[in-house]
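Here the structure of chain P is known, so what remains is to put chain C in place on it, guided by the hints.
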Amino acid sequence: MKKNLSYMDSVHRDGKIWGIIVGLVIIAFPIALCLIFKATPNLEVLVKGVIATAPMYWAVGIIEMFTFVPMLGAGGTYLSFVTGNISNLKLPCAIDAMERADVKATSEEGEVISTIAIAVSSIVTTFIIIIGVVLIVPITPLLESPVLVPAFDMILPALFGGLAVVFISKNLKLSIAPVILMLALFIFVPALNASTVGIMVPVGVVFTVITARILYKKGVL
Amino acid sequence: MSFNSNHPILFIFVGAIIALVLAQSFYFLIKAIKRAKELGIKKETINKTISSSAIFTVAPAVAILIGVVALSKSLGLALPWLRLSVIGSISYETVAAGNALEAAGLGAGSQVTDPSIFITIAFVMTIGIAAGLILVPFCTKKIQGGVNKIGMKDKKWGEIFNNAMFLGMISAFLGYVFCDVGTVIKGDFSGLIPVCVMIVSAVVMAACGLSSSKFKIKWLTDYALPLSLVIGMASAIPFTMLLGGAK
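Quick mapping for you: the protein sequence lines, in order, are chains P and C. Quick note: to get the numbering used here, add 17 to the position in the first sequence (first position is 1). Quick note: to get the numbering used here, add 12 to the position in the second sequence (first position is 1).
Only chain P is shown next, with the shape it has when bound in the complex (with noise of 0.2 angstroms):
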């Protein structure tokens, strides 16, 4: 039985066993805090708390999970939703490993390749935290110093300005429909910023998707 278990259906597998592990050991995280300092949540702070956070991020992670599990492949999907920061880090690095490897994400090399770039991603990222806590006191006023501020600031920009030469160029036609929309949206509608950004990709990614399909069955892709 064991033997005539696919690569993907193994992932899978693997993927949900992990996946439940580690999000109840997140989850259970709070509540082995009220039994450590023997106290228990305020009710009212966290029903204000989770009512002004919840409903914002529980759709956007719904609508997420349906546009960044083509994008991510299985393995990256399980990994890159326990370890977070898809949209800035793991996923424009997924896309990087398998644009230079010249494979495709629906296809086994591109899961392979995805899942290994998400992997070390999220190896890198926890080390950098964990030597980060242990000098914290040294590194604090070097991270907090004004000069480099501006620069942290701006990583979207900077992460985002390199992809889009490698996706436009490839995909003028493409390109004009959304690009056209989005920065429509963002000019004109006050309420569209860095905060707001995660709820734009997937609408962004719908009309893209939409747009490619009349394209394509107008021959014109």
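Treat the hints as calculated values from the structure; they're not laboratory data. Bear in mind the structure is a predicted one, so any value in this text is a computation, not a measurement. For each residue, glycine too, the CB sits at the ideal point set by N, CA and C. Careful: at least some of the hints might be erroneous.
Here are some of the chain C residues that sit facing chain P, going by a computed Cβ distance under 10 angstroms [said to hold, decoys possible]:
no., residue
1, S37
2, M137
3, E171
What follows is chain C alone, placed relative to chain P:
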């Protein structure tokens, strides 16, 4: 046990959870490398994927570390360390912690000394983003199965579909880069900083692509993205001096 947001027991718990998450990453890494070899992917390609992914990750990971430092002022070091090593993102964790602090009547930078409030904040940060964590183990296979069917029915459309998804995401972030340009009308040029940074990064990427094909410098293609990222970020320093405060 008396409460302290930097209590050693917190670091032991957080360290154990992070070790588990690391183990998951190593497990999938080894599994994928084994499969890559079986599929006949060249060792060189695998090694380059590892090295360039590691190099690319450094700058964004330092940005995440800055998030840990910022949150540690009110929450101590252990909780932000955990939260920014698992799920969420810098923007989410900051918003969630901010919402919880505000609900507790505390300012963004004020130190949490009440164990009940600290636990509440930990609950809010955990519950607020739990959707993906809960649903991914049960839905990924079905979603991927659906996408694979698209690719199997029509290979060309499958490839276009794939590219369209990437482009959709990239276009959303390109739009975001321009979200503050409107401030120029009011005489505030700081909204142009992200645009300038994006242009620098794009030019570096294009230059890397062109020079690697013209002068046959293969390594330039492998490290083009981290290079454009770091040079783009570095350019933000003079642009900020020139155009005013960061956005």
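Going down the list of hints, with the structure as the test:
| no. | hint | result |
| --- | --- | --- |
| 1 | S37 | holds (4 angstroms) |
| 2 | M137 | holds (8 angstroms) |
| 3 | E171 | holds (6 angstroms) |
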